[in-house]
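Asker: The lines below spell out each chain.
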Amino acid sequence: MRKRLKRLTLRQTAKNLQEGTLSATELAEHFLEKIQADVFNAFITVHPEILLEQAKEADLRIKRQENRPLEGLPIAIKDNICTKDVRMTAASRILDTFAPPYEATVTERLWNAGALLLGKTNLDEFAMGSTTATSAFGPTKNPWHSLKAPKQDLVPGGSSGGSAAAVSGELALAALGTDTGGSIRQPAAFCGITGIKPTYGRCSRFGIVPLASSLDQVGPMTHSVEDAAWLLEFMAGHDEKDATTSAQSVPKYTRAVGQSIKGLRIGIPEEYRTNDMDSALQSFWEQGAEWLKEAGAEIKKVSLPHTHCAVKTYTVICGAEASSNLARFDGVRYGLRASEKNLHDLYTKTRDAGFGTEVKRRILMGTYLTSKSSHEAYFEKAQKVRRLIYNDFVNTFHDVDVILTPTAPTGAFPLNKIPNDPTTLYLNDVFTVPINLAGLPAISVPAALNAEGLPLSLQLVGRAFDEETLFKTAAVLEKCAVFPRAGWEDK
Amino acid sequence: MTKERFSLQGQKAVYHVTIGLEVHAQIASRAKLFSSAPTAFGAAPNTQVTFVDAGFPGMLPVLNKKCVEQAAKTSLGLRGTLNKTSYFDRKNYFYPDLPQGYQITQFYKPIMEKGHLTIFREDGTEKVIRVNRLHIEQDAGKSLHDRDPNFSVIDLNRAGVGLMEIVSEPDLFSPEEAGTYVRTLRNLLVTLGTSDGNMEEGSLRVDANVSVAPIGDPLGTRVEIKNLNSVRFMQQAILYEAQRQISALESGNKVAQETRLYDTIKKETRAMRSKEDAQEYRYFPDPDLPPLVLDDTWVEELTQTLPELPDDKRARLQKETGLSLYDISVLMGDLSVLAFFEKALSLRDQATPKALANWVMSDFMAAANRLDGALNAHHFSPQHLVGIVEMVATDTLSGKMAKVVFEEAWETGEKPAVIVEKKGLVQISSTEELLPVIDALLEEEKQKVAAYKGGQEKLFGYFVGQLMKRTKGQANPGILNKLLKERLS
Chain Y
1 MRKRLKRLTL RQTAKNLQEG TLSATELAEH FLEKIQADVF NAFITVHPEI
51 LLEQAKEADL RIKRQENRPL EGLPIAIKDN ICTKDVRMTA ASRILDTFAP
101 PYEATVTERL WNAGALLLGK TNLDEFAMGS TTATSAFGPT KNPWHSLKAP
151 KQDLVPGGSS GGSAAAVSGE LALAALGTDT GGSIRQPAAF CGITGIKPTY
201 GRCSRFGIVP LASSLDQVGP MTHSVEDAAW LLEFMAGHDE KDATTSAQSV
251 PKYTRAVGQS IKGLRIGIPE EYRTNDMDSA LQSFWEQGAE WLKEAGAEIK
301 KVSLPHTHCA VKTYTVICGA EASSNLARFD GVRYGLRASE KNLHDLYTKT
351 RDAGFGTEVK RRILMGTYLT SKSSHEAYFE KAQKVRRLIY NDFVNTFHDV
401 DVILTPTAPT GAFPLNKIPN DPTTLYLNDV FTVPINLAGL PAISVPAALN
451 AEGLPLSLQL VGRAFDEETL FKTAAVLEKC AVFPRAGWED K
Chain C
1 MTKERFSLQG QKAVYHVTIG LEVHAQIASR AKLFSSAPTA FGAAPNTQVT
51 FVDAGFPGML PVLNKKCVEQ AAKTSLGLRG TLNKTSYFDR KNYFYPDLPQ
101 GYQITQFYKP IMEKGHLTIF REDGTEKVIR VNRLHIEQDA GKSLHDRDPN
151 FSVIDLNRAG VGLMEIVSEP DLFSPEEAGT YVRTLRNLLV TLGTSDGNME
201 EGSLRVDANV SVAPIGDPLG TRVEIKNLNS VRFMQQAILY EAQRQISALE
251 SGNKVAQETR LYDTIKKETR AMRSKEDAQE YRYFPDPDLP PLVLDDTWVE
301 ELTQTLPELP DDKRARLQKE TGLSLYDISV LMGDLSVLAF FEKALSLRDQ
351 ATPKALANWV MSDFMAAANR LDGALNAHHF SPQHLVGIVE MVATDTLSGK
401 MAKVVFEEAW ETGEKPAVIV EKKGLVQISS TEELLPVIDA LLEEEKQKVA
451 AYKGGQEKLF GYFVGQLMKR TKGQANPGIL NKLLKERLS
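Protein sequence lines correspond, in order, to chains Y and C.
Here the first sequence is numbered in the numbering used here, starting from 1 and rising by one per residue.
Here the second sequence is numbered in the numbering used here, starting from 1 and rising by one per residue.
Okay, chain Y solo, but in the shape it has when bound:
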């Protein structure tokens, strides 16, 4: 079984299921066995009996040739996405044993297409972070190890670290993550897998615990570009339960994979080349451009002048929205409730016990930044700068069709070497954050190993609702890179 499943993509597995060379039950059993060991601490909740039941049913449907496109395929879901009647924690103590009586729209669409819930994956608490180390359920470990320190545990990135590690660690064929400032792309990069953050409004946020409502998007994390394109076909589209979704039609994204990029104009933003950029990273980035050029694309230098404002702008807006979004976790209607005799204590004791340090930090900061004394200088100012960052991209896309950058400034770093200073940590997101502010789609593709043998990825940014161009271009990079899937196994 293991041999057969090794290196299969989601698409290939689906084909096998349809052809009968593989059964849904075998598939489920295979992953459940691996998850049982869960050496990476990638999962928070798994319901083996339910999954096996559903796999059996899937097999029956396949036999009767009543199978739907994703029939029997188990998908791991980040634990800030509500799946009906299954405990949802957002990696926090404050939700206690809460199980939502409703389903998120994006997962409902996957289940309607026949996919199965593999399990709920670990994340930074309330998606606040880029290491998954702030989870109340312990950190997730990156399946990859540095050549220089093979015994040292590395961060998988965050906040969708559980999903990234699960896919990378071959505990799942595919997973869903969410991305507010890079939380799909950066962990995908650290773990050497593919991840896409769609255009804001492309996928429904209904049933997804919001971090920053104007920045969040859910997206697939997969072994291949084609897998990501395929899952997005099911997930994307207007939802009447989410007023921020777009009515734009959903193309067959998989058709973009394999298309020629001849004549496509690729932009290399000058401002992303920071002064202290690692020369190896620089070369890696240039290699990416070279691959695309060889495939017929035109490489151009572009300018995004307000790039240097992005992290601060993001920090303000994200903090502000988060402080408001997390107000509902108060112990009154669901989740953890401190037993107290008055209202004030009920609120303060519940939230003090329920929230971790990073969450508290961001709530306090967000509250402060929207308070009377700071509102104009910070919050309103950040909104204005956001507009400028957005305009930078709009202007640039007059001259180019796709922008190419590295996804992260470094490869994965050690768990025990996480910077104490939050600001340093936030700077990790410097390449990914501007894209959320502008609401644009971006995909991360693993493309090389650094000197320590750790994954490096390239990020492609596209016009709003032009995921097709991203998939087209990413497929080229993927082909050229020939990235060693599960290369960590050979370490």
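Just to be clear, a hint being listed does not mean it is correct.
What the hints assert, rightly or not - Cβ pair distances, simulated, as ranges:
{"#": "1", "chain 1": "Y", "residue 1": "Gln259", "chain 2": "C", "residue 2": "Asp295", "range": "34 to 42 angstroms"}
{"#": "2", "chain 1": "C", "residue 1": "Leu309", "chain 2": "Y", "residue 2": "Arg87", "range": "50 to 58 angstroms"}
{"#": "3", "chain 1": "C", "residue 1": "Gln304", "chain 2": "Y", "residue 2": "Ala353", "range": "54 to 62 angstroms"}
{"#": "4", "chain 1": "Y", "residue 1": "Leu427", "chain 2": "C", "residue 2": "Pro290", "range": "29 to 37 angstroms"}
Calculated directly from the structure, the hints in this document are not laboratory data.
Idealized CB from N, CA, C, for every residue including glycine.
Since chain Y is already given, all that's left is putting chain C on it; use the hints.
Answerer: Using the frame of chain Y, we list chain C on its own:
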């Protein structure tokens, strides 16, 4: 003619009162503002709540178009500037009846600004009250503190119901004006069908901002009195508060800017349990909701669906009937009475609008007020009234007899013509019928006639009384008098 402004006499000075009202009117719609839960009053607790209303994780608000329609209609009724683009903002604070931890409202740019409402005071003068804004917002749930000794309980049925907050400028100067404003506004809402305006059920609530200042001085510090749920209590509260402020000022104290509640039993205002610090609401645009953009065509079509607005109706009625503005205001004070009157107007022939109005404002309204059920369900119809008034107009019925017929028709629902026929109440106006009766009386009372002719003029009344008795009150008084005079001369 402007009336002299209301004032209160203090010990040291005479004071003017300034009042601004914030009216919260529940939007008449089947579903809530951002969720599909029903809004019907009186349901069992927590049975009209969706997960969106209860602030569950991952839930999102979706705007109810009907609520926008109702708010836009009201805005048109207030002759305000409808903002083609307006926004929703979050007002952040913690309270158990606010599940999301924030209220969705419109802070920065409301749907309507710069409207006005004309009120008609008792003395017949009119006054224009400016309306600063109308905005759409969510209502909160209900907290009940008296159900359990150890716990407060929360009912979320009301959480998320749509409200229109209508904020007046501080243009009201007396409890009377405030009362008239609320009644006029409520009338408008009910006419438009955009709110039930029912203060007892809580679909209309008023917060009053009150300040006092010696005549000629600039405005004083204003105090807010929250959650007044009847016009009468509001007026009492305003008067009490104004006097309280005057006492405070005359004792050398400052009036604190605070929020107070009105105790309807003790009949006084008292400060609300103070929160530690002043709440900061940290308003910011709600990122879950796109801007509210109103289409020109949609607004135009909506304008076409508006019923006749009270102002227009008032002007039209005045033109058509020649009644005074005061009379018309009285008639317009109750929509069912008004409907009755207008129907009666449309049926009249000889009866004058003034006559109809007088009947409605006196006998009719007195009877209607005693009525238990709905006026339009009662068997006394506009046709009945017109029937009576027409007969008076044509001298078929005397005024006195008309009242008798009215009472009977009101009780039994019998047609006036039938009652008159059955009871033989037709007014006797013909000379042929009256003369014999007069002659008969004068023949019998020869002595009194002589006395009258001799100078006892008071006996005329006696003769009239006797003749009325003999004609069972049906003699036409005017004609009777004329004929009697002739006969006695």
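Asker: Quick one: which hint numbers does this structure break? Sort them smallest to largest.
Answerer: Nothing - there is no hint that the structure violates, so all of them hold.
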